[in-house]
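In the order they appear, the protein sequences are chains A and B. Each residue of the first sequence is one higher than the last, beginning at 1 in our numbering. Each residue of the second sequence is one higher than the last, beginning at 1001 in our numbering.
It should be emphasised that the hints constitute simulated quantities derived from the structure, not laboratory data. Hints are not guaranteed to be accurate.
Cut-off 20 Å, straight-line C-alpha distance, at most; resulting in silico cross-link-like pairs (EDC-like, lysine to aspartate or glutamate) [to be verified]:
#, chain 1, residue 1, chain 2, residue 2
1, B, Lys1245, B, Asp1119
2, B, Lys1022, B, Asp1283
3, A, Lys70, A, Glu46
4, A, Lys8, B, Asp1119
5, A, Lys70, A, Asp58
6, B, Lys1024, B, Asp1280
7, B, Lys1245, A, Asp129
8, B, Lys1024, B, Asp1191
9, A, Lys59, A, Asp89
10, B, Lys1024, B, Glu1177
11, B, Lys1024, A, Asp129
12, A, Lys8, B, Asp1127
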Amino acid sequence: MLSYIIRKLLTLIPVMLGVYTLVFVVMQVLPGDAALIRAGPGATPEVVENIRRQLGLDKPIPVQYVNYLKDAVRLDFGRSIRTNQPVVDDVKSRYLTTVQLTLVATIIFLAVGLPLGVIAAVKRNTIWDGIAILVSLIGISMPGFWLGLLLIWYFAVRLGWLPAFGFSSPKHVILPAITLASYGIAYTARYTRSSMLEELMQDYVTTARAKGLRERIVLLRHALRNALIPTVTQAALGFGFMLGGAVVVEVVFTVNGVGRLIVDAILYRDFPVVQGGVLLLALNFVLVNLLADIACAYLDPRVRLQ
Amino acid sequence: MSAQLARPSKSYYSLAFSQLLKNKIALAGGFLVLVLIIVAIVAPYLSPYDPLQQDLTSVLLPPLSEGHPMGTDDLGRDLLSRMMYGARISLLVGVVVVAMATIVGVPLGAIAGFYPRWDRWIGMGVDVLLAFPGILLALAIVAALGPGLVNVMIAVGVRSMPMYVRVVRSQVMSIKEREFVNAARAIGVNDPGILFRHILPNCVGPIIVQATINVGTAILSAAALSFLGVGVQPPTPEWGAMLSKSRLYVVIAPHAVTFPGLAIMSVVLGFNLLGDGLRDALDPRFRQ
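Same shape as in the complex, but just chain A (with noise of 0.2 Å):
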C-alpha cells in the first residue's frame, strides 16, 4: 500500500509541474506590458522601468520562468493589480467558501444520486429506473446557470423561501448547493446504475442468493459493497471538478468564491490573481484524485497489484 502511495505522489511531480508551466506560457501569450497595466495610465517611463524591475520582468523568459516556479511552489503569486494585497491572501479567504459550497453539494450529490441510482438497477425496467434515467438525462443537460436562475426566481423570488444572493447564513447556501449539485447527482445515479448491475450479475450475488439470504441483504451487504468501490472515485473526482464547476454558480448566486475572484480579476485584467486562482483549484484537483486512487486502492486490492 505504501509503494503505491509513494509511486502515485511522484507520478503528481510532472503533471504538476506541467500544470505550473502551462500557466506559465498561458500568462506570457496575454497581450500587453504587465509593467504597464500595474503602473496605470499616466504614469511615467521611470516609473514602469521601476516597476519592471521590481516584478523581475526585465530578467530573459527562462530566468523569470524559474523565478516563478520557485514563487509558485511556495504559493507566492505575486500581489493583485487591483487591491495591492498579496494574491494569496485574497484567494484563501474566498477558497474556504467555494471549499463549503463543494462540500455541502457533494454530500446532496451522494444523499441523492446513490440512491436513486441503486433503486434504478434494482428495479431495473421499471418505472422508478424510468425516472432515475430522465433525472439523470435532465442533470447532465441542463445548463447549472440556467438552473440557478429558474430556481432563484421560483424559490426566492414567487415563493420568497429562501435568500437569492451572498453566502452569510445557512440558508443562504441551499440554492447554490443544488445547483452546483445538480450534474453530479445526474453522473452518480448513472453511475451507481451501471455499476450495481453489473454486480448484479456476478456470480456471488448468485450463491448469497441461493444460500437463503434475504433479497435485502443481498442487495445492502453483498452488492451495494463492491458496487461502491468505483463510487468513492466518481464521489471525490465530483467533488474536485465541482471546485472548478462552482465558479458559474458563484456568480449567478453572487457567492464570494474563488470562481468569482477569478471572472473578476479577468474582467479587470488582475492576471496575478487569474494565475494564482487558477493554480490553486488545478492543484486541489490534483490532490483530490490522488486521494481518491488511495482510497480506491484501500478498498479494492486488484487496484493495488496493477
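We have chain A already, so just place chain B on it with the hints.
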C-alpha cells in the same frame, strides 16, 4: 436457410444505422439535433426581424405579443429572431470545436496507443490538461486571448481535445494486438501504414460517439463562458450571453431567461441521446 445465406451481407455501418433507427430514444435525440440544424440554416430567411434591431417602444414584451411570438428583450429586440440566430452560433461553435479537437486529438491518441515510447509524454500532456477542473482551463485561455467567438472556440477546443486522445489511445492499444494487424505486418506493411490504414479505421465508431456528445458539451461550455461575460460579447445573439443579460430582468420578464435556457438544454440533451444511441448501435454486443 439457403435464402438466408443468399442474402447479401450488410456492412458494419449499415447494420449500425438500422440498429439506430430502432432506438426510439436515440431518434428523439436525432430529432432535436435536426431541429437545431434546420433552424440554423433557415434563420436568415425565416426570422421575422433583424436580431440586432432595437425597438425601445416595445421592450420586454411577453410571449405571444403581436408580431413577437416569443416576446422581446430589454432593448425591444425580437426574441424569436435572436433565438434563431443563436442556433447558428451554437451549431458553429459545436462543429468547429469538435473538428479542432478531432484533428489534434485523434492522431495524438493513435501515436500514444501505437508507440509506447511516445505514450508517456503524450499521456503526461493529457494529464496536465485534465488537471484543470471544469471550465477553468477554458477560462484561463479566454483570459489570455481575450473575449470573442473565435477565442471561445479555441479555448473550448483545447479543453475538449484530451478526451479524444484517451478514447483513441485505448482503442488503438486493444486493436493493435489483433490478428489482422499481425497479418498486415507479416505481408510487409510498415508502421504508419498499419496504424493509419488498418487500425485507425477500426476506431471510427468510438470517435463518432465521442464527437457527437462533445458537440453538446462544447455548446454548453461556450454558453457558460458567454454567461460569465468572458466569451461571446453582446450584442451577438448567443444563448449564454442572452441569458446573462436577461437575468437582471428575471422578475419582470422570466420568458427572456426561459427560452435561451430551454434551447441550450434541448440541444445538449439531443446530442447526448444521439451519442448514447450511436454507442449502442456501433457496439456489436448490444445488437439483437
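How the hints compare with the structure:
1. Proposed proximity of lysine 1245 (chain B) and aspartate 1119 (chain B) is contradicted: the alpha carbons are some 45 Å apart, above 20 Å.
2. With a C-alpha separation of about 14 Å, the suggested pairing of lysine 1022 (chain B) with aspartate 1283 (chain B) holds against the 20 Å cut-off.
3. Between lysine 70 (chain A) and glutamate 46 (chain A), the direct Cα distance comes to roughly 28 Å. Violation of the 20 Å bound is thereby established for this hinted pair.
4. Taken as a hint, the lysine 8 (chain A) and aspartate 1119 (chain B) pair is honoured in the structure, with Cα atoms around 18 Å apart against an allowance of 20 Å.
5. Distance hint between lysine 70 (chain A) and aspartate 58 (chain A) is fulfilled; the C-alpha atoms sit about 17 Å from each other, no more than 20 Å.
6. A threshold of 20 Å between alpha carbons decides the hint, and for lysine 1024 (chain B) with aspartate 1280 (chain B) the separation of about 12 Å falls inside it, so the pair holds.
7. Annotation: proposed proximity of lysine 1245 (chain B) to aspartate 129 (chain A) is violated, straight-line Cα distance about 38 Å (limit 20 Å).
8. With a CA separation close to 42 Å, the supplied pair lysine 1024 (chain B) and aspartate 1191 (chain B) exceeds the 20 Å bound.
9. Distance hint between lysine 59 (chain A) and aspartate 89 (chain A) is unfulfilled; the C-alpha atoms sit about 27 Å from each other, more than 20 Å.
10. For the hint pairing lysine 1024 (chain B) with glutamate 1177 (chain B), the CA-to-CA distance comes to about 36 Å; that exceeds 20 Å, so the pair is violated.
11. For the given pair, lysine 1024 (chain B) sits about 17 Å from aspartate 129 (chain A) by alpha-carbon distance, which is consistent with the 20 Å threshold.
12. Restraint check for lysine 8 (chain A) and aspartate 1127 (chain B): satisfied, since their Cα atoms lie roughly 13 Å apart, inside the 20 Å limit.
In summary, the numbered hints that this structure violates are 1, 3, 7, 8, 9 and 10.
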